[in-house]
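Novice: Working from the sequences, and respecting the hints, build out all of it.
Okay, here's what each chain looks like letter by letter:
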Amino acid sequence: MNKHLLGLEETSEEEIRQILATAFSFKEVLSRPIPKVPTLRGKTIVNLFFEPSTRTRISFELAEKRLSADTITFSSSGSSVSKGETLRDTARNIEAMKIDMVVLRHNSAGAAHFLARCVDSIIINAGDGQHEHPTQALLDMMTLQERAGDLRGLKVAIIGDILHSRVARSNIHGLKKLGARVAICGPKTLIPREAEQWDIPVFHRLDDAIQWADVLNILRIQLERQKTALFPSLREYASQFGVTRQRLLRAKKDVIIMHPGPINRGIELENDLADSEFSIILDQVTNGVAVRMAVLYLKSGGRLEAEQRS
Amino acid sequence: MNKHLLGLEETSEEEIRQILATAFSFKEVLSRPIPKVPTLRGKTIVNLFFEPSTRTRISFELAEKRLSADTITFSSSGSSVSKGETLRDTARNIEAMKIDMVVLRHNSAGAAHFLARCVDSIIINAGDGQHEHPTQALLDMMTLQERAGDLRGLKVAIIGDILHSRVARSNIHGLKKLGARVAICGPKTLIPREAEQWDIPVFHRLDDAIQWADVLNILRIQLERQKTALFPSLREYASQFGVTRQRLLRAKKDVIIMHPGPINRGIELENDLADSEFSIILDQVTNGVAVRMAVLYLKSGGRLEAEQRS
Amino acid sequence: MNKHLLGLEETSEEEIRQILATAFSFKEVLSRPIPKVPTLRGKTIVNLFFEPSTRTRISFELAEKRLSADTITFSSSGSSVSKGETLRDTARNIEAMKIDMVVLRHNSAGAAHFLARCVDSIIINAGDGQHEHPTQALLDMMTLQERAGDLRGLKVAIIGDILHSRVARSNIHGLKKLGARVAICGPKTLIPREAEQWDIPVFHRLDDAIQWADVLNILRIQLERQKTALFPSLREYASQFGVTRQRLLRAKKDVIIMHPGPINRGIELENDLADSEFSIILDQVTNGVAVRMAVLYLKSGGRLEAEQRS
Numbered sequence: 001m002n003k004h005l006l007g008l009e010e011t012s013e014e015e016i017r018q019i020l021a022t023a024f025s026f027k028e029v030l031s032r033p034i035p036k037v038p039t040l041r042g043k044t045i046v047n048l049f050f051e052p053s054t055r056t057r058i059s060f061e062l063a064e065k066r067l068s069a070d071t072i073t074f075s076s077s078g079s080s081v082s083k084g085e086t087l088r089d090t091a092r093n094i095e096a097m098k099i100d101m102v103v104l105r106h107n108s109a110g111a112a113h114f115l116a117r118c119v120d121s122i123i124i125n126a127g128d129g130q131h132e133h134p135t136q137a138l139l140d141m142m143t144l145q146e147r148a149g150d151l152r153g154l155k156v157a158i159i160g161d162i163l164h165s166r167v168a169r170s171n172i173h174g175l176k177k178l179g180a181r182v183a184i185c186g187p188k189t190l191i192p193r194e195a196e197q198w199d200i201p202v203f204h205r206l207d208d209a210i211q212w213a214d215v216l217n218i219l220r221i222q223l224e225r226q227k228t229a230l231f232p233s234l235r236e237y238a239s240q241f242g243v244t245r246q247r248l249l250r251a252k253k254d255v256i257i258m259h260p261g262p263i264n265r266g267i268e269l270e271n272d273l274a275d276s277e278f279s280i281i282l283d284q285v286t287n288g289v290a291v292r293m294a295v296l297y298l299k300s301g302g303r304l305e306a307e308q309r310s
Numbered sequence: 001m002n003k004h005l006l007g008l009e010e011t012s013e014e015e016i017r018q019i020l021a022t023a024f025s026f027k028e029v030l031s032r033p034i035p036k037v038p039t040l041r042g043k044t045i046v047n048l049f050f051e052p053s054t055r056t057r058i059s060f061e062l063a064e065k066r067l068s069a070d071t072i073t074f075s076s077s078g079s080s081v082s083k084g085e086t087l088r089d090t091a092r093n094i095e096a097m098k099i100d101m102v103v104l105r106h107n108s109a110g111a112a113h114f115l116a117r118c119v120d121s122i123i124i125n126a127g128d129g130q131h132e133h134p135t136q137a138l139l140d141m142m143t144l145q146e147r148a149g150d151l152r153g154l155k156v157a158i159i160g161d162i163l164h165s166r167v168a169r170s171n172i173h174g175l176k177k178l179g180a181r182v183a184i185c186g187p188k189t190l191i192p193r194e195a196e197q198w199d200i201p202v203f204h205r206l207d208d209a210i211q212w213a214d215v216l217n218i219l220r221i222q223l224e225r226q227k228t229a230l231f232p233s234l235r236e237y238a239s240q241f242g243v244t245r246q247r248l249l250r251a252k253k254d255v256i257i258m259h260p261g262p263i264n265r266g267i268e269l270e271n272d273l274a275d276s277e278f279s280i281i282l283d284q285v286t287n288g289v290a291v292r293m294a295v296l297y298l299k300s301g302g303r304l305e306a307e308q309r310s
Numbered sequence: 001m002n003k004h005l006l007g008l009e010e011t012s013e014e015e016i017r018q019i020l021a022t023a024f025s026f027k028e029v030l031s032r033p034i035p036k037v038p039t040l041r042g043k044t045i046v047n048l049f050f051e052p053s054t055r056t057r058i059s060f061e062l063a064e065k066r067l068s069a070d071t072i073t074f075s076s077s078g079s080s081v082s083k084g085e086t087l088r089d090t091a092r093n094i095e096a097m098k099i100d101m102v103v104l105r106h107n108s109a110g111a112a113h114f115l116a117r118c119v120d121s122i123i124i125n126a127g128d129g130q131h132e133h134p135t136q137a138l139l140d141m142m143t144l145q146e147r148a149g150d151l152r153g154l155k156v157a158i159i160g161d162i163l164h165s166r167v168a169r170s171n172i173h174g175l176k177k178l179g180a181r182v183a184i185c186g187p188k189t190l191i192p193r194e195a196e197q198w199d200i201p202v203f204h205r206l207d208d209a210i211q212w213a214d215v216l217n218i219l220r221i222q223l224e225r226q227k228t229a230l231f232p233s234l235r236e237y238a239s240q241f242g243v244t245r246q247r248l249l250r251a252k253k254d255v256i257i258m259h260p261g262p263i264n265r266g267i268e269l270e271n272d273l274a275d276s277e278f279s280i281i282l283d284q285v286t287n288g289v290a291v292r293m294a295v296l297y298l299k300s301g302g303r304l305e306a307e308q309r310s
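Protein chains in written order, with this note's numbering: chain F, 1 to 310; chain E, 1 to 310; chain X, 1 to 310.
Don't read these hints as lab results, they were simulated from the structure. Owing to the predicted nature of the structure, the values given are computational and were not obtained by experimental measurement. Be aware that one or more of the hints could be misleading.
For chains that are exact copies, the list does not tell them apart, and a pair is met inside one copy or across any two.
Keeping only pairs whose Cα atoms sit at most 27 Å apart, straight-line, the calculated BS3-like set for lysine-lysine is [stated by the list, open to error]: (1) 98 / 36; (2) 3 / 98; (3) 98 / 27; (4) 98 / 299.
Specialist: This is the structure in structure tokens:
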């Protein structure tokens with residue numbers, strides 16, 4: 001097992017399966033009246049969020065508190081980042097304070113790898129630029145397993161802005177390792193060149209992706225990118241790539257709908273469909289806490305046996 | 001008992017009395033060497049503050065920690081609110097993470113009600129727009145009871161910017177339910193139209209309010225509103241509605257002075273008077289923690305009996 | 001012993017020695033598998049940071065959590081400071097909430113003293129304007145003791161922007177009390193007038209300071225001050241006052257290198273030298289947590305005996 005969780009590209013199938021199995025067992029803990037275990041008592045985890053985040057940050061903090069860790073959370077505003085300290089110096093200082101784990105979100109691809117090279121603390125990547133967001137992909141896979149059973153042969157189409165999406169990259173790596181089949185779908189301007197090397201189907205028409213898929217993992221269109229004119233207009237995007245109930249009906253197809261959030265309702269996903277029987281979006285959120293508990297637990301030296309934890 | 005605490009308009013006299021009685025009993029806990037009870041151990045409370053706050057936020061956090069809850073606090077800056085997520089999606093995500101209670105401050109009237117309609121978690125309103133701020137009114141009433149005994153027949157004049165004040169609205173609802181008599185006093189431009197339906201005296205001269213009242217609850221003039229020209233100038237406001245020792249002497253009247261803070265010293269309240277024998281302003285702050293403990297305790301299913309808690 | 005820790009100017013030699021001895025004993029606690037003691041269980045500490053800080057804030061929070069205190073942290077953005085509340089009212093409110101200790105960072109010199117005068121809570125100065133930063137100087141002295149033994153007669157040169165440095169002021173007071181010899185070195189525009197009263201050597205050439213010193217405590221050049229033209233240019237500053245390995249070699253001198261961080265690598269200190277065998281910079285960071293535990297412990301009424309704490 002790797003010491004850190006930097007990305008799913010370098011995480012083995014075995015380790016992914018171990019994390020998911022542990023997460024299912026933590027999910028049971030979370031259903032208890034007091035959903036808390038003393039596993040990480042006395043351990044200190046620093047959450048360094050150099051990019052805005054509500055959900056991921058709360059989810060990690062919750063996972064840490066439910067494992068009884070001591071947590072310190074840091075958002076970029078008001079930090080000495082504004083004094084120009086380098087990420088490396090920040091990291092080495094944190095390490096000198098004997099912090100056990102660092103959960104890092106950063107806008108530069110490779111930030112978590114960089115940190116892992118220069119400090120001894122355990123690093124958990126909570127999203128680095130457009131590179132990877134491994135805990136998101138793990139919770140996606142956990143939720144799919146819960147709904148669909150074994151992922152082998154399951155066809156998952158990732159829809160939208162693949163170019164800028166760390167969620168897409170982590171999902172592609174993880175799903176392939178578990179034997180799922182992955183495709184991507186989006187306007188040409190939002191499909192990266194590297195997609196050719198991924199050796200997966202690329203669709204430019206949403207209906208084709210729906211025909212092909214068992215699962216649609218629909219990415220958020222980042223409205224702030226629209227100014228760079230990668231797609232003509234939001235209305236145009238919604239009409240071509242917005243997933244609607246009518247499209248599903250037309251395809252005579254039952255698919256599972258996923259979304260990493262936050263949703264632009266009415267743009268990439270029809271408002272009503274997000275809350276429909278097809279959607280497992282809220283299960284993703286629930287499972288996020290269990291997956292993060294599993295990652296923190298295993299990386300801090302825990303083992304899978306349930307009796308270790310209670 | 002209501003599941004949530006959204007406002008005092010919909011809270012019964014009986015429930016208000018129960019909260020106050022419980023708060024007095026928690027006040028005793030707070031005087032112990034270790035002012036902490038294990039009541040909410042394992043419960044998770046998320047404080048969502050979408051408006052700036054020092055005092056209310058610290059007071060809630062303190063109440064939560066003294067009940068041994070796990071707390072996660074969120075201020076608007078740096079959150080995915082900036083990514084345009086709706087309050088509803090934020091709420092549903094929080095709920096999916098199995099959070100027991102949400103303490104919400106929001107600049108839209110009705111935000112807490114809205115949340116309560118769309119999630120199962122218990123919602124505590126920590127101030128919604130110009131609508132209600134129920135825990136502030138509860139701590140005001142607790143502090144008045146402590147100083148003046150039974151509130152029945154006690155005459156409380158609320159002075160200042162009634163138009164924009166959620167504190168005024170919550171106090172009016174709560175005080176009337178406990179049998180106090182309430183009046184409001186302020187320049188015509190700062191008295192809302194709805195005041196006619198409140199069926200309470202309205203004064204436009206401060207001296208008249210002082211003559212009438214046993215208690216002056218003096219609201220903060222929000223300096224940032226001055227640009228909308230609802231009153232001529234701060235100096236003018238202070239000379240007409242600023243409460244001073246001289247005015248009280250002229251009225252030959254002992255009154256109790258309250259203020260929800262933060263005070264603009266020298267504007268709505270004379271600097272010296274804020275710290276005088278008339279003032280119970282710091283008692284309000286002290287009691288705020290006890291009241292919030294009581295609300296969190298009762299809403300999470302606790303009962304009044306002291307033995308339940310120690 | 002003083003009730004507060006406001007500055008080292010008013011802290012006795014005896015108290016400084018007691019804090020350092022306690023810090024060494026806490027350093028041993030920090031090397032245990034579970035680096036946590038129940039000493040401050042049930043105590044509440046509020047960290048009020050009205051200036052940006054990463055390291056100092058994390059270091060204090062960590063010290064507090066390792067003593068099992070309940071902590072509430074406040075950064076200036078989003079607080080009612082923006083509503084214009086005075087520091088005094090903030091303080092009195094905090095006191096009314098029965099908070100045991102306040103750790104204060106503020107951009108006004110004297111802020112911590114002011115707070116100590118108006119409230120009963122114990123105040124720990126975490127940096128006030130250009131006045132003092134006592135825990136930084138204490139950790140500097142602890143780290144020097146660790147490396148060099150008794151400080152009596154040790155020659156410490158503080159290099160850089162003395163004018164604006166609270167770190168320099170606290171170090172000068174503390175080091176002199178422990179019998180060390182202190183000098184300062186920097187361009188004339190960055191040496192304050194009050195330096196004459198400090199009765200210590202003042203160097204304007206770095207090579208002279210290096211010749212003289214056993215230890216160089218190198219201050220951060222605050223890049224944001226460059227606009228006020230107190231020194232010609234960063235390049236010029238670096239060439240005259242930047243500490244480099246070549247300069248040390250030329251001086252045929254082994255010196256201990258310290259820096260309070262964050263480092264401008266390549267400006268006041270050569271990149272490579274910061275991580276060299278001369279540097280005790282990371283030890284400073286490590287010891288910061290132990291020193292702050294010692295201060296919090298002693299100020300809250302703890303005694304030196306190790307058996308009290310375990």
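Novice: Now tell me, hint by hint, if it's right for this structure.
Specialist: A quick look at each hint next to the structure:
For a Cα distance limit of 27 Å, the shortest separation of residue 98 from residue 36 qualifies both inside one copy, at 24 Å, and across copies, at 12 Å. Only within a single protomer do residue 3 and residue 98 lie at most 27 Å apart by alpha-carbon distance; the minimum there is 16 Å, versus 29 Å between protomers. Taking CA atoms no more than 27 Å apart as the test, residue 98 paired with residue 27 passes between copies only; the shortest distance there is 11 Å, against 30 Å inside one copy. In this assembly of identical chains, residue 98 and residue 299 lie within 27 Å of each other by CA distance both inside one copy and across copies; the values are 16 Å within and 24 Å between.
The structure agrees with every numbered hint stated previously.
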